[in-house]
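Protein chains in written order, with our numbering: chain A, 76 to 271; chain B, 29 to 243.
One or more of the hints may lead you astray.
As a list, the in silico BS3-like pairs of lysine-lysine whose alpha-carbon atoms are at most 30 Å apart [unchecked claim]: (1) B:K136 / A:K250; (2) B:K88 / A:K163; (3) B:K153 / A:K220; (4) A:K163 / B:K136; (5) B:K88 / A:K156; (6) A:K156 / B:K194; (7) B:K153 / A:K156; (8) B:K55 / A:K156; (9) B:K165 / A:K173.
For the record, the hints were derived by calculation from the structure and aren't laboratory data.
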Amino acid sequence: MKQINFLSVRHQLARPRRKRFLFKQRFSFILAAIYSLLFLLNFGVYFFLVQQGKKLDEEIASQKQKLETVTATETKIFYLKNKTRNLKQIFLTTQNHKSLIEGFFNILPAGIEVNNFTVADPGEVSFQGTAIDFNSLNQLLLNLKKGQFGGNPIYAVEIGRVFWNQEKNYSFEVKIFLYPLSKSVETDKGVVESEY
Amino acid sequence: MLSLTFFRQMVSNSLILLGESQSKKQKLDNLTRKFNQLQNFKADVLEKQVRELEQVFPSKKPVLEIINTLNLLAIENQVSLGAVNLNPGKLEEKENMATSASELQNFKLSFMVNGEIEKISQFVKDLQQSAPLNKIKELGVGLNPQAKNISSVSLMLEVYFQPLPKALPSLEMPLSVLNAEEEETLTQLSAFKFFPLKTLPNVTTGKEDIFKREL
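Only chain B is shown next, with the shape it has when bound in the complex:
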C-alpha cells in the first residue's frame, strides 16, 4: 500500500515535471526566436528611425524646439512673429504624477505672423510639415488698412509630445515588431523639416574656484 502511494506520487510528480519541461522548452524557443529576431535588426536603421521620431515627436515637452522652429521658419519665409503666448505648464513631470507617462500629451501656443499673405501661407504650410509635430487649432486673418497685401495671421497651435514609457517589457515577453502600416508611418517622418537647437558655448558662471586644480 505504501509502495503504491509512493508510486502514484512519483507518477504525478513526473507528470508535473513533464508539463514544466514543455513550458520551459516553449520559453527557450521564444527566447531563441526573440534573440534571432533582434540580431536581424540593423542597428543604424533603428538608430535613424529613433532619432527622426524623437525630433518630430519628442519625449520631452518641446517648448524651446517649437520656438526655435517658429523663429527660423519666420526668417526663411520673410515674415515677422509677434504676440507669442505660451502656456507650457510644468516642464518636467514628476514620477508620481497622476498622468500616465506613456500617453499622448500636448500644449498650446498662440502667436501672430505678419507679412504678405502669400508668404504667411507658405509659412503656415511649412510649419505644418516641421518638427515638433503640431496642429493648427485656430486661425485668424487680420488686414492692414495701409497695405492690402499685408496681413497679420493669428494662429493657435497644439504641439504634441509623448513621454518615454516608464517600464520595459520583460525578457520573456515576445518581441512586438513594427507592422507594415507603422513602418509606413515612420517613413513619413523624413518629410518633416527639423531645425536643430543651437547650443550655447559652455561658459563658467558665478565665482571661479581659484583653489580648484586639475589632478
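With the rest of the complex left out, here is chain A:
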C-alpha cells in the first residue's frame, strides 16, 4: 500500500521556518535572561551605591564632629601660618638692616653730627653730617676706608658737598654703596662674597 502524504512538501517548507522560529525564540529567551540579569545587577549596584553613599555621609558627619573638637588647634596653626609668611619677609629685610644700623654706630667717631641716616634698599646707605673739626671728619673717612660697614663689604663711598661753613664746621654728605644681595663681585683682592 502506497502512502500518500499531501503535507510532505509543506512540512519540508515549514521545517526551516520552524527552526528559525525556535532559534529566534531561544535567542530572545537568552537575551531576555541576560537583560534581566543585567537589570538585577544594575539594580543591585545602584542599591549598594545608595547605601554606601549614606554610610559615607554618616562617616563624614561623624569625622566632622571629631574635627570640631580640635578646631582650636587648627585655628592656632592657621594663625601661625598666616602670620609667619609676612614675618619671614620682615625678617629678611630687617636682618641686614640691623647690622647696618650697628655698623653706622661703629664707624661714627666723636664730634660728628648726622642727619637723615637712611638705608635705601638694596645696599645703599646715605647720610648728611657735620664735623666739629677736621680730625673728626678725617677719622670718619679713615673708618670708611676700612671697607666694612655693618659686616658688609663696601663697594664704593661717595663723599659729596664738603664745605667749611661759617661756624667753622665741616658739612658733608656720604653715600655708601654695599655689595648687592648674594652677589659675588670681582675685586683686586679676589672674589668677595657678600652676606647682604
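Assemble chain B onto chain A, guided by the hints.
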C-alpha cells in the same frame, strides 16, 4: 523600549552615584588625615608659638606696647627719651574698612634718645631685637656742644602688626602646616626681648551704686 530607557537611566544614575561615592571617599580620607594630623600637634608647643608670635608680631596696633618697650629699654640702658611723636591713626579698624584685615600693617613713631653714644648704640641694638617688631627707618645723631661723648639720637621707627584673619578655612580644606623655613622663622622669635605691660589695679570709677547688692 520603556524598559530600555529605564535601564539606561539606571545605569547613568549608578555612574553618577559611583562618582559621588569616590569623591565622598576622598573627602572622608582627607578629613581623617586632617584629624590625625591635628591630633599629633602638641598643644603646649603651639600655645607657646602663638604667644611668642603675638608678643613680637601682634594682631592689634601695639601702641602702648612700643611705648612701654622704649621706656623700659631707656631705663635699662641709662638713656633718656624725649620728643616722642606718635601717629597711630585709628586704634581699632572697623569690619567694613577698605583695608584687608589679614594684611601686614604698620605705623610710624619718632623720638629722641639722649645719653652717651655707646649707651645709645646699645639701646638701638636692643630696640631692634625687642617686641613689638620694628624697623629703624631714619636716624640722626646730634652733638652736645658741652660734652663730646653725650649725643642725642633721633629715630624714626616703623612698628609692624597684622590683624587676625576674618575667616577660618572650612573643615574640608586640607590642613596647611608650617614648613621647615616657617618653623625656623618662628624659632627666631625667642631671641626677642618682651616687656609685659603692667596692668593697673581694678579701681571703681565714677559714683558708687549704693543699691547694688551681691546676690
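Is the hinted pair K88 (chain B) and K156 (chain A) satisfied, with a Cα-Cα distance of at most 30 Å? Roughly 17 Å separates the two Cα atoms, so the pair holds.
Given the hinted pair K163 (chain A) and K136 (chain B), is their alpha-carbon gap at most 30 Å? Answer holds: K163 (chain A) to K136 (chain B) is near 20 Å, not above 30 Å.
Just to be careful, I want the Cα atoms of K153 (chain B) and K220 (chain A) compared with a cutoff of 30 Å; is the pair within it? Judged against 30 Å, a Cα distance of about 24 Å means the pair holds.
Does the structure keep K156 (chain A) and K194 (chain B) at a Cα separation of 30 Å or less? The hint holds at about 14 Å.
Take a quick look at whether K55 (chain B) and K156 (chain A) sit within 30 Å of each other, Cα to Cα. 23 Å, holds
Holds or violated: K165 (chain B) with K173 (chain A), Cα cutoff 30 Å? 11 Å, holds
Within 30 Å, alpha carbon to alpha carbon, are K136 (chain B) and K250 (chain A)? At roughly 25 Å apart (the allowed maximum being 30 Å), K250 (chain A) and K136 (chain B) satisfy the hint.
Would the pair K153 (chain B) and K156 (chain A) pass a check requiring their Cα atoms to be no farther apart than 30 Å? Holds. K153 (chain B) to K156 (chain A) sits at ~28 Å (cutoff 30 Å).
Measure nothing beyond the straight line between the CA atoms of K88 (chain B) and K163 (chain A); if it is 30 Å or shorter, mark the hint as holding. 19 Å, holds
The structure fails none of the hints (numbered hints given earlier).
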